[in-house]
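**Q** Sequence:
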Amino acid sequence: MYVVGIDLGGTFFKVGLVDTESGEILRKVEWETRVSEGKEKVVERMVKAVLEVSNGGDYIGVGIGSPGSIDHDNGIVRFSPNFPDWINFNLGGTLSKLLNKPIFVENDANAFVLGEKWFGAGKGHEHIVALTLGTGVGGGVISHGKLITGKDGIGTELGHVIVEPNGPQCGCGNYGCLEAIASATAIRRMALEGQKKFPESQIFSAQEVNAKAVFDAARNGDLLGQMIVERVVNALAIGVANFIHIFNPSIVVIGGGVSRAGDILFTPLREKVRHLVMPSFKDTYEIVQSPLVENAGILGAASIVLQNL
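For the sequence shown, the numbering used here assigns the number 312 to the last residue and increments by one with no breaks.
Since the hints were made in silico from the structure, they are not lab data. We treat Cβ as the ideally placed atom computed from N, Cα and C, and that holds for glycine. Careful, some of the hints might be misleading.
[To be verified] Calculated pairs, SDA-like style, for lysine to any residue (alpha carbon to alpha carbon, straight line, at most 25 Å):
hint: 1; residue 1: LYS31; residue 2: LEU309
hint: 2; residue 1: LYS149; residue 2: PHE250
hint: 3; residue 1: LYS42; residue 2: MET4
hint: 4; residue 1: LYS285; residue 2: LEU309
hint: 5; residue 1: LYS126; residue 2: ILE249
hint: 6; residue 1: LYS44; residue 2: PHE15
hint: 7; residue 1: LYS51; residue 2: GLU33
hint: 8; residue 1: LYS44; residue 2: ASN85
[To be verified] Per label pair, the in silico range of CB-to-CB distance:
hint: 9; residue 1: GLY148; residue 2: ASN58; range: 30 to 36 Å
hint: 10; residue 1: LEU54; residue 2: LEU312; range: 17 to 23 Å
hint: 11; residue 1: TRP34; residue 2: LYS149; range: 28 to 34 Å
hint: 12; residue 1: GLY41; residue 2: GLY174; range: 21 to 27 Å
hint: 13; residue 1: PRO168; residue 2: ASN103; range: 21 to 27 Å
hint: 14; residue 1: ASP266; residue 2: GLY41; range: 41 to 47 Å
hint: 15; residue 1: ARG30; residue 2: ASN77; range: 28 to 34 Å
Let's have the full structure, built from the sequences with the hints guiding it.
**A** Encoded structure:
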């Protein structure tokens, strides 16, 4: 059985044909989104990409992981900051008419947790919290095998829990959100803020000042790198401990580019969370790195179809 997953981004979109038994992506393409050309042109390109990867073959449906506020029951993009003319756009219905297949649309962070449930570290788990640490911080929650979305389908904005009151301003307008401290964007900002005080930091000898440079410097004993990593871990630990108390998951999966830091992130994170959770929650969960890496978007989108059918 095959499904098509579309990982929709403001700059590029990726489309893959997924074997649902093995979780293997049989064929995939990456195309420019070209938002400025208008939604009709973007949809046309998505259709062509789906036809290319499916090769006219038999697939049961298409899942789309889209940024923004999504009415997943009706396949409507209510609002997405990267797609200014997509207000209340019936993306699912439009694609369904053109492809004559069932189309399912979900917020990309919710798609991430579904991907972990069907193909990743959450396989076999009914209670999952998943966080993706990238440009921002996204999150999704599965409880009793079902995706939690809230009344309007826009719930579980895990990246916008406040973990550092009076902390740095977040893109959402609030202060001290998890996204404002633990995202790749925030890590880079903290490094640049520290440059005046720590001009000799190894971070600034890297080819590019980014999250990877910060974690690499911290591993080598660089003081600024270690200070930033400690702040990131503290913020993440507070957030994760809160999610454990609220959702009682059996597994917390962390993905996105920042997660590639590996042990320097996960070892202290597990230790701090263990100290923060109530005694009754100890040993009820595990915290793991997502195994899906660059295929998380496509597999997450493909999982939307499986979750709905």
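**Q** Now tell me, hint by hint, if it's right for this structure.
**A** A quick look at each hint next to the structure:
1. A hinted pair counts as satisfied when its Cα atoms are at most 25 Å apart, and LYS31 with LEU309 qualifies at roughly 19 Å.
2. For the given pair, LYS149 sits about 12 Å from PHE250 by alpha-carbon distance, which is consistent with the 25 Å threshold.
3. Between LYS42 and MET4 the CA atoms are separated by roughly 30 Å; this puts the pair beyond 25 Å, and the hint is violated.
4. This hinted pair does not check out: LYS285 and LEU309 have alpha carbons roughly 32 Å apart, beyond 25 Å.
5. For the suggested pair LYS126 and ILE249, the alpha carbons sit about 21 Å apart, so the restraint of at most 25 Å is met.
6. At most 25 Å may separate the alpha-carbon atoms for a hinted pair to count; LYS44 and PHE15 meet this at roughly 14 Å.
7. Restraint check: the Cα-Cα separation between LYS51 and GLU33 comes to about 12 Å, which is no more than 25 Å; the hinted pair holds.
8. Under the criterion of a C-alpha separation no larger than 25 Å, the hint pairing LYS44 with ASN85 is consistent with the structure, at around 15 Å.
9. Hint check: GLY148 to ASN58, Cβ distance near 33 Å, so the stated range 30 to 36 Å holds.
10. Separated by about 21 Å at the C-beta atoms, LEU54 and LEU312 satisfy the suggested range of 17 to 23 Å.
11. Here the CB-CB span from TRP34 to LYS149 is close to 33 Å, well matched to the stated 28 to 34 Å.
12. For GLY41 paired with GLY174, a C-beta distance near 25 Å keeps the hint of 21 to 27 Å intact.
13. The given range of 21 to 27 Å is broken by PRO168 and ASN103, whose C-beta atoms sit roughly 52 Å from each other.
14. Judged by the Cβ atoms, the range 41 to 47 Å given for ASP266 and GLY41 holds: they are separated by roughly 46 Å.
15. Between ARG30 and ASN77 the C-beta distance comes to about 29 Å, which sits within the given range of 28 to 34 Å.
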